[in-house]
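Visitor: What follows is the residue order along each chain.
2 protein chains.
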Amino acid sequence: MNERIRIYDTTLRDGTQGENISFSAEEKLKIALRLDDLGVDYIEGGWPGSNPRDLRFFEIARTVPLRHARLAAFGCTRKPGGAAEADPHLAALLQSGAPVATVFGKSWDLHVTRILETSLEENLAMIRETIAHLKRHGLEVIYDAEHFFDGYRRNPGYALETVQAAAEAGADAVVLCDTNGGSLPGEIAAALRAAAGRTGGLPLGIHTHNDCGLAVANTLAAVEAGASLVQGTINGYGERCGNADLTSVLPILALKMGRAVAADLRKLQSLSRFVSETANVVPLHARPFVGRSAFAHKGGVHVSAVMKTPEAYEHIDPALVGNTRRVLVSDLAGRSNIAYKARELGVPLEGKPGDARRIVEEIKQLEQEGYQFDVADGSLQILLEKLTGRFEPHFELESFRVTIEKDREFPCQAHATVKIRVNGKQEITAAEGYGPVSALDNALRKALGRFFPDLDTMRLTDFKVRVIDGDRGTAARVRVLIDSRDRESLWSTIGVSEDIIEASWQALADSFQVKLARDKSDRSGQPERAAQAAPASRIPPQGEQA
Amino acid sequence: MNERIRIYDTTLRDGTQGENISFSAEEKLKIALRLDDLGVDYIEGGWPGSNPRDLRFFEIARTVPLRHARLAAFGCTRKPGGAAEADPHLAALLQSGAPVATVFGKSWDLHVTRILETSLEENLAMIRETIAHLKRHGLEVIYDAEHFFDGYRRNPGYALETVQAAAEAGADAVVLCDTNGGSLPGEIAAALRAAAGRTGGLPLGIHTHNDCGLAVANTLAAVEAGASLVQGTINGYGERCGNADLTSVLPILALKMGRAVAADLRKLQSLSRFVSETANVVPLHARPFVGRSAFAHKGGVHVSAVMKTPEAYEHIDPALVGNTRRVLVSDLAGRSNIAYKARELGVPLEGKPGDARRIVEEIKQLEQEGYQFDVADGSLQILLEKLTGRFEPHFELESFRVTIEKDREFPCQAHATVKIRVNGKQEITAAEGYGPVSALDNALRKALGRFFPDLDTMRLTDFKVRVIDGDRGTAARVRVLIDSRDRESLWSTIGVSEDIIEASWQALADSFQVKLARDKSDRSGQPERAAQAAPASRIPPQGEQA
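As you go down the protein sequences, you meet chains A and B in turn.
Mind the numbering: the first sequence is residues 2 to 547 in our numbering, read in order.
Mind the numbering: the second sequence is residues 2 to 547 in our numbering, read in order.
Hints listed in this document are in silico derivations from the structure and should not be mistaken for laboratory results.
There may be inaccurate statements among the hints.
[Claimed, not checked] The following label-pair restraints were derived from C-beta to C-beta distances:
1) P311(A) / G198(B): 31 to 37 Å
2) R71(A) / E433(B): 55 to 61 Å
3) E312(A) / D408(B): 52 to 58 Å
4) R391(B) / G82(A): 39 to 45 Å
5) T458(A) / R391(B): 49 to 55 Å
6) E433(B) / R451(A): 30 to 36 Å
[Unchecked claim] Covered stretches of chain B, going by a simulated chain A footprint (3 or more residues, C-beta under 8 Å):
7) 92-104
8) 492-506
Note that CB positions come from ideal geometry on N, CA and C, so glycine has one too.
Generate coordinates for the entire structure from the input sequences, incorporating the hints supplied.
Guide: Structure follows, in structure tokens:
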């Protein structure tokens, strides 16, 4: 009964079918590395036959070996009336270099006759020949039986014939999909058992959608009925109402059902956050297990009860999934985290006894205002240096002025004037840019260039803007995240303000301060600093592929 | 088997335990009227013993008769060692004037001994005496067995004693609560059956929380096991991860399980929207059944299939829950999508045969540049009008100037000057703002206000910024999305540029153009235009009940 449940993540493929979810190839790679680090068994990277971006992902993924997960490329069965050998989509699967091919085919007769407009027999041949072709090329082949449960409801005989065909053709696993998300747990269990009777002991998988709010429940029902492969996405991202949310499925399997799962659950919360940040989507506070409110306690009596007896009000220990209790009255979280982080960033915290507490309070206050230091190591380093009196600014702002002008339908023009002071010397420069932040960046770079000629090795590699409280319209606070790199490393900085220019300035200034601080310590032969140890630095520099 | 399932809504009480969810007494009344109109059986209005706002709600609610629902006031069992007659909380229940009292008591021995710090026997007496007292005063009494499932897991004997005590004391129904939200469907069903054996045929209810993402599934499992009263909230609002979402539970019970439910499901989507608007919380697009993405289709092949055979890709007809199909116009999409969308937006495409093709090409080109029209109906409408020569601008930009100034560590200051032309008349105004976009918004609004006094019903409700090609650093293109609303509807607009101010301006200007176009067609009594037919605009006017 305790067969290990294999986890198949499709955040990078089905997840991107969600409204507003999209990733560049580089972003996909970053997420894949985090998924690998969590411990999932399979990572579906994309549909190489369908778009160039996915193809590029598989290209760059080949250069970065995964430690645990197998990479899967997604595709569909060969065209009706065609030949598997000549099918360009199947060729793309082979070209992708992924060791696993996941192909979907039709299980619902309605789809065969009305959508594909082919015969039921030809559809079976498509399934058989596609799988056999891919097996001949030595791939592990997972067969996704699209619309299996709807098909089984309307024409059980045919639906079962399709999965039997897949099994006979040599598929390594057959995944039953509730593509439209309309099935109930009892239906899932019954249909899965019926499929098991026709697939000769082959591992069965489950792929659910959340159109009834039951994606997690349906996944669990399938596992109870015998499925041993679970498909889902981080944060449940996916088409319409989303896919089964692995951030719920994994802890339930492991912590509630006692099933073996090769995943380090303590990394779940930070992975969830990382994926939503990368997608630039506001994380759902109420998300089970990993949401910010998942272990939040409100109300006086309640809170004192939680402190006395956590199990009275918490269904699991939040630390098991990397989350923390949020008691909306006082501190608690954090001091040891901060100490850990400070060590990692090379900023010693020892000092007066109250220091650590004061620093935690300060950081909490800033996070309340929208800062998020877990994704901005560079700014955290500067903040810790400031709070411990160790910060040595390499430049100071005297003032800036940014002007944006637009006339009729001509493009905007932006220019900036920046006045800084370096070692008592003032410098004032002006520059244009593609927009106000670009103008500011150019002007600052020009001003600093007089003092620090090495700056041209530094590039801003990513610029993200997130509106924190968008319901305040244009008066909303915004958070700007900037990723920067030079030849050696990557670092991230953050700014928060109601004024997007102010927020951008903070992140920009921090980024330059980090760079200058590192260059200085490099010159003086000090040990490696902080930002170089940031997790993002496993990614190869993008410039090399440009 | 087809006993009617009674629906007990607790949006106004347990829903407000959710982070960021709160309602004034007047807002509660508006929601209560909408719930009554939907057809729910019970509306839990609040906890009159716990706060004055809830007391006031019951006062004003007495003046507005409900047509269908019974109003319930919430409270807890008498104090340990006290007398029911002398308990001020119980007195508040009677004073509230609500015909139904819902009282919760402890079913988990741990809570009795560790949190209440009383004896197991005294807890049973508290349950018995509280219920008997309220029954003597002629109320319908619903007993909420708090932490029943956790209690049953640790000490089944005692948990069952508590519900037996409630039944024997004369409760009209006993509701089993999964207060911490940690139970699985199988546990729920088994414990409910055990409780049924001790409550002598009394109606049993179910109250679940979503901490495992299973609140809906657990509710359904309870109904299958015999529960006939379902507690939940609209949109699943509630403490931590929320309560069972009635917007999923109701359609599943009625449409999938064939259970009788007295609710007009066609009003569900607008009720969901109304509650989130009243709570001033951004609605969850991926919400099953009622979310904006719940019946959204993306991808060309897929879309043409949906048009041919809706049941192939939709688990129910969206109209059954008052929702609509949305075709997302994306770069994969072809001509049939645009034609469909244009019809939906009320912009006729007929004309020269090449027109549709030209429009598709144009949209593809813009999407290549970063526009995303699937999330910006308002801008798509304007674009289609422009491309078909139907666009009538309500104002034209002459010029704007935005200046952002910062001195040392003082906050930025932003101001904007806007010069526009309306019907040949020029207007120039200036305004400050929280940042450059806010300043621009304020200045434009001020300038337009001279010509269009109705503009103050319009609000920008969300402002999103996404960097498209962040790897170009501060020269990256940004996409700005603005959501706006007035009393009748919601619309979204988009702008894309390397200059964030330019992108914001495009989205801002489009938003005002959409608003003005709609106001004009309203005044001239013309048939419904574009944005009115947009899916979001099916919101009923909120004003009617104010």
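Visitor: State for each hint whether it applies.
Guide: Here is how each hint holds up against the structure:
Restraint check, P311(A) to G198(B): a C-beta distance of roughly 32 Å satisfies the suggested window 31 to 37 Å. Separated by about 57 Å at the C-beta atoms, R71(A) and E433(B) satisfy the suggested range of 55 to 61 Å. Between E312(A) and D408(B) the beta carbon distance is about 54 Å. The supplied range of 52 to 58 Å therefore holds. Under the hint 39 to 45 Å, the C-beta atoms of R391(B) and G82(A), about 44 Å apart, fit the expected range.
A C-beta distance of roughly 53 Å is found between T458(A) and R391(B), which places it inside the suggested range of 49 to 55 Å. Separation of E433(B) from R451(A) is about 34 Å and conforms to the stated range, judged on CB atoms against 30 to 36 Å. Coverage of the segment 92-104 of chain B by chain A is violated in this model, with 0 residues showing a Cβ closer than 8 Å to a Cβ of that chain against a need of three. With 8 residues having a beta carbon nearer than 8 Å to a beta carbon of chain A, the segment 492-506 of chain B meets the requirement of three or more and the stated coverage holds.
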